[in-house]
Every structure is written in structure tokens, then in C-alpha cells.
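*Asks:* Sequence:
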Amino acid sequence: MGNEPTIITLTTDFGLQDPYVGQLKGAVLKGCPTATIVDLTHAIPAWDVVTAAVTIRTSYRFFPSGTIHVIVVDPGVGSERAILAAAGDGHFFVAPDNGCLSLLVADRCIDSVHRLEQPAFLAPTISPTFHGRDIMAPVAAALARTGDLSQFGPAVAPETIRMAIVPSAVHTAADRLQGQIRRVDHFGNLHTTIRAGSGWWNPALFNFVEIGSQRISQLVRSYHEAEPGTLLVLVDSTGYLEIAANQASAAALAGCRPGDPVTVHLLRKETV
249 MGNEPTIITL TTDFGLQDPY VGQLKGAVLK GCPTATIVDL THAIPAWDVV TAAVTIRTSY
309 RFFPSGTIHV IVVDPGVGSE RAILAAAGDG HFFVAPDNGC LSLLVADRCI DSVHRLEQPA
369 FLAPTISPTF HGRDIMAPVA AALARTGDLS QFGPAVAPET IRMAIVPSAV HTAADRLQGQ
429 IRRVDHFGNL HTTIRAGSGW WNPALFNFVE IGSQRISQLV RSYHEAEPGT LLVLVDSTGY
489 LEIAANQASA AALAGCRPGD PVTVHLLRKE TV
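Just add 248 to the spot in the sequence shown (first one is 1) and you have the working numbering.
These are calculated hints, taken from the structure and not from any lab test.
Do not rely on the hints blindly, as some may be mistaken.
Unchecked claim - Below, computed lysine to aspartate or glutamate pairings styled on EDC-like, alpha-carbon distance capped at 20 angstroms:
#1 273 / 382
#2 278 / 396
#3 278 / 382
#4 273 / 287
Given these sequences and hints, build the entire structure.
*Replies:* Below is the structure:
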């Protein structure tokens, strides 16, 4: 795709205790030795397509144009589900057709999608349990060499690919917004399904967040604004509401885990 080395990011649920990540990288480099491989994350919860979809949605734009993003969170590996190569917003994406790319489609970031049907791009021997290594990695390597999606197979309309069921925030009352915890990160921060653009992010209208038995009214811009060990609310680096604690685990303090409900309580406009 040019004289500069192509960047290929990897997003998987493999973890690091097994050789899977290394084999995946080897398969990419075998097809494109000049590639620069970046581990976006290998800590997606096992089989969690929704978290994979959110991760790529909130991460791809921090890479240069032309980057290829490989997402291998694939509970349907070995089945008849398709493998997709897609392009949009100056980036390329390779993933199973299981919802990993659905939020990019919903955001209208995907311009074209091709379904892999050409066997020439597959490894000589394909394990039914490791399509990431034997199919997606060779596809990413070929894409790095040519930048041509059409070589892989027929184009399909982006809106026809499989969409993940992603929990979103809903207004349950004029002064109340309901969401849930999507994931807990390494620091114990609670990342929610409530985006800053979903009607709550007006500090003048913010009242408190209810989670478990906790009511958190401390709304800040950064962690240090709160006293150490106290629960706080802020907008995280990807634009979602986050419940955290300064130098402590919010998950431990609140006793919460992914899937638990989160309610944002707002002041009525007439009281502001």
C-alpha cells in the first residue's frame, strides 16, 4: 500500500498465557514481513462480541490512515459465518461477521464491505478452531500488500452484516437515564453504556448517579479532582460515562460488575 510499513492492530479475547497471540502475529508477518503490529488488546472478555465492537469503535481513529484492524473475537469459529474485509474513514477492518463491525456500521464509518470467498488467501491448512491465524491473518497481510478489498470476494451492503445487540442508555423519565456497566477495567473503573451525547452531559443538570446502594454526586473532569478513595463520575477518554475512584477500585467500593444497572438522575430544567 506504499513505501511506509503498514500498521496492523490486533484485538482479541486470547489473553497472553497461551501461544495464540504469537501465532497470530507470526501468520501476519509470514504474509507481510514489513508490517508493524500493534496489540490493541488481547483482554476482551471471552466471546464478548459487544465489548470487541465498542473497543474498535472507540480506538481505531487514534491510528494513522491506512491502518488495518484485525478483530478476532469469534465464538462462531469453525461455523459457516462469513469473514469480512471492510473499509471506511481511511481505515481497513478484518473480522468475522458476528457483530464486531456493527457499531462502525451504525456510526456510518464503513463505506464498503467484502465477504471472503477466494480460497487463494487462506492458509494451506486451516484449523476449524483458529480462523484468526489461518484466515484473517493472511487476509490482513494481503490487504497490507495491495489495499484492494475486491480481491477477497463479493461486495455486500454494510447494513446487511450481522449487528450486535449493544445495550444503550434510555430515558425512563424526563429526569432519569438508565444504562448499565459495560466493563470493569484494570483499575476497577466502571465503564457504562451511557454516552456523553445521549442527553445527560450537561453539568448544570447533573444530580447524581445511582449504582447498587451508592449515590454518587461528585461529577469531575479528571480523577485528581476527587479526594483519594472516593467515588466519582466523569466522561472517560472514549466519551462514555465512567464511575471511578481516585486511586482506588470503584468496582470494589460499589460492589458492582458488568451488567449491573446504572441510573443518571438529572435536575429538572425548571429548577436550574
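*Asks:* Hints first: check each against the structure and report whether it holds.
*Replies:* Hint check results:
1. At most 20 angstroms may separate the alpha-carbon atoms for a hinted pair to count; residue 273 and residue 382 meet this at roughly 11 angstroms.
2. Straight-line distance between C-alpha atoms of residue 278 and residue 396 comes to about 19 angstroms, which keeps the hinted pair within the 20 angstroms bound.
3. For the suggested pair residue 278 and residue 382, the alpha carbons sit about 11 angstroms apart, so the restraint of at most 20 angstroms is met.
4. Of the pairs offered as hints, the one joining residue 273 and residue 287 holds, with about 10 angstroms between alpha carbons and a cut-off of 20 angstroms not exceeded.
Hint compliance for this structure: every hint is met.
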